[in-house]
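Undergrad: Each chain, written out:
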Amino acid sequence: ILNVEQSPQSLHVQEGDSTNFTCSFPSSNFYALHWYRWETAKSPEALFVMTLNGDEKKKGRISATLNTKEGYSYLYIKGSQPEDSATYLCASPNDYKLSFGAGTTVTVRA
Amino acid sequence: DAGVIQSPRHEVTEMGQEVTLRCKPISGHDYLFWYRQTMMRGLELLIYFNNNVPIDDSGMPEDRFSAKMPNASFSTLKIQPSEPRDSAVYFCASRGQGGETQYFGPGTRLLVL
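Which chain is which? The protein sequence lines are H and L, in order.
First residue of the first sequence? That's 95 in the numbering used here, and the numbers climb one at a time after it.
First residue of the second sequence? That's 125 in the numbering used here, and the numbers climb one at a time after it.
Hints were generated in silico from the structure; no laboratory data involved.
Ideal Cβ placement from N, Cα and C applies to all residues, glycine included.
Possibly wrong hints are sitting among the right ones.
[Unchecked claim] Calculated cross-link-like contacts (lysine to aspartate or glutamate; reagent style EDC-like; alpha-carbon spacing at most 20 angstroms):
1. H/Lys153 - L/Glu224
2. L/Lys148 - H/Glu139
3. H/Lys136 - L/Glu135
[What the hints assert, rightly or not] Have a look at the derived ranges for each label pair, beta carbon to beta carbon:
4. H/Asp111 - L/Gln141: 40 to 50 angstroms
5. H/Asn147 - L/Gln221: 41 to 51 angstroms
6. H/Ala204 - L/Gln221: 27 to 37 angstroms
7. H/Ala204 - L/Gly183: 22 to 32 angstroms
8. H/Phe124 - L/Gly140: 39 to 49 angstroms
9. L/Gly183 - H/Asn123: 12 to 22 angstroms
10. L/Gly223 - H/Phe124: 14 to 24 angstroms
11. H/Gly110 - L/Ala196: 16 to 26 angstroms
12. H/Asn147 - L/Pro208: 38 to 48 angstroms
13. H/Tyr190 - L/Pro194: 14 to 24 angstroms
14. H/Ser101 - L/Asn195: 17 to 27 angstroms
15. L/Ser211 - H/Lys163: 20 to 30 angstroms
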């Protein structure tokens with residue numbers, strides 16, 4: 095079982111502010127790291143799949159970086175909007191299974 | 125593409141009753157996953173199939189849980205008999221052979237009274 099950890103567990107952001115949070119994972123035998131966005135009452139939706147050390151991916155105001163040597167990934171939200179409120183999950187694949195972290199729940203206050 | 129389809133979306137049942145959850149993966153996807161989401165344990169994998177064959181069922185809580193995939197377009201997760209602690213949201217997800225991303229269905233919210 096891969097130990098994927100996320101911090102903080104939750105955070106509150108004022109609309110317009112930027113924020114970031116962390117996913118840490120075992121750096122040995124790294125294969126890939128997934129980020130998912132999970133809105134309340136909906137299903138998890140894939141954001142990024144990251145595979146290369148130093149990788150940076152972007153989707154609108156959301157971006158992610160990857161450091162496979164030290165075993166962490168940051169997810170950034172620039173200029174947070176209320177619609178960014180969701181739980182952000184990271185996951186590490188093991189064979190064809192995904193081991194999910196507990197998530198960071200972001201609440202953006204208008 | 126309609127995405128992953130799950131039914132029912134909500135289920136309320138009484139303890140001891142049999143519950144059957146259904147999933148239709150995205151057409152052409154070779155892998156199908158059943159997850160359970162609870163406050164205590166987060167999102168946990170129960171079982172997954174590859175080409176309709178169960179590959180890893182180590183996450184299935186106990187013998188009351190069973191899953192089948194009779195063909196490439198349909199899978200069921202059955203709980204018999206159901207217990208209140210089975211109350212959770214059950215997600216089905218699928219992925220293709222060449223892809224990494226899993227695509228999740230809308231989930232079934234199960235409440236066992």
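Undergrad: Evaluate each hint against the coordinates.
TA: Hint by hint, here is what the structure shows:
| no. | hint | in the structure |
| --- | --- | --- |
| 1 | H/Lys153 - L/Glu224 | holds, 18 angstroms |
| 2 | L/Lys148 - H/Glu139 | holds, 17 angstroms |
| 3 | H/Lys136 - L/Glu135 | holds, 16 angstroms |
| 4 | H/Asp111 - L/Gln141: 40 to 50 angstroms | holds, 48 angstroms |
| 5 | H/Asn147 - L/Gln221: 41 to 51 angstroms | violated, 26 angstroms |
| 6 | H/Ala204 - L/Gln221: 27 to 37 angstroms | violated, 44 angstroms |
| 7 | H/Ala204 - L/Gly183: 22 to 32 angstroms | violated, 39 angstroms |
| 8 | H/Phe124 - L/Gly140: 39 to 49 angstroms | holds, 46 angstroms |
| 9 | L/Gly183 - H/Asn123: 12 to 22 angstroms | holds, 21 angstroms |
| 10 | L/Gly223 - H/Phe124: 14 to 24 angstroms | holds, 19 angstroms |
| 11 | H/Gly110 - L/Ala196: 16 to 26 angstroms | violated, 47 angstroms |
| 12 | H/Asn147 - L/Pro208: 38 to 48 angstroms | holds, 46 angstroms |
| 13 | H/Tyr190 - L/Pro194: 14 to 24 angstroms | holds, 20 angstroms |
| 14 | H/Ser101 - L/Asn195: 17 to 27 angstroms | violated, 42 angstroms |
| 15 | L/Ser211 - H/Lys163: 20 to 30 angstroms | violated, 42 angstroms |
Checked against the numbered hints above, the structure breaks hints 5, 6, 7, 11, 14, 15 and satisfies the rest.
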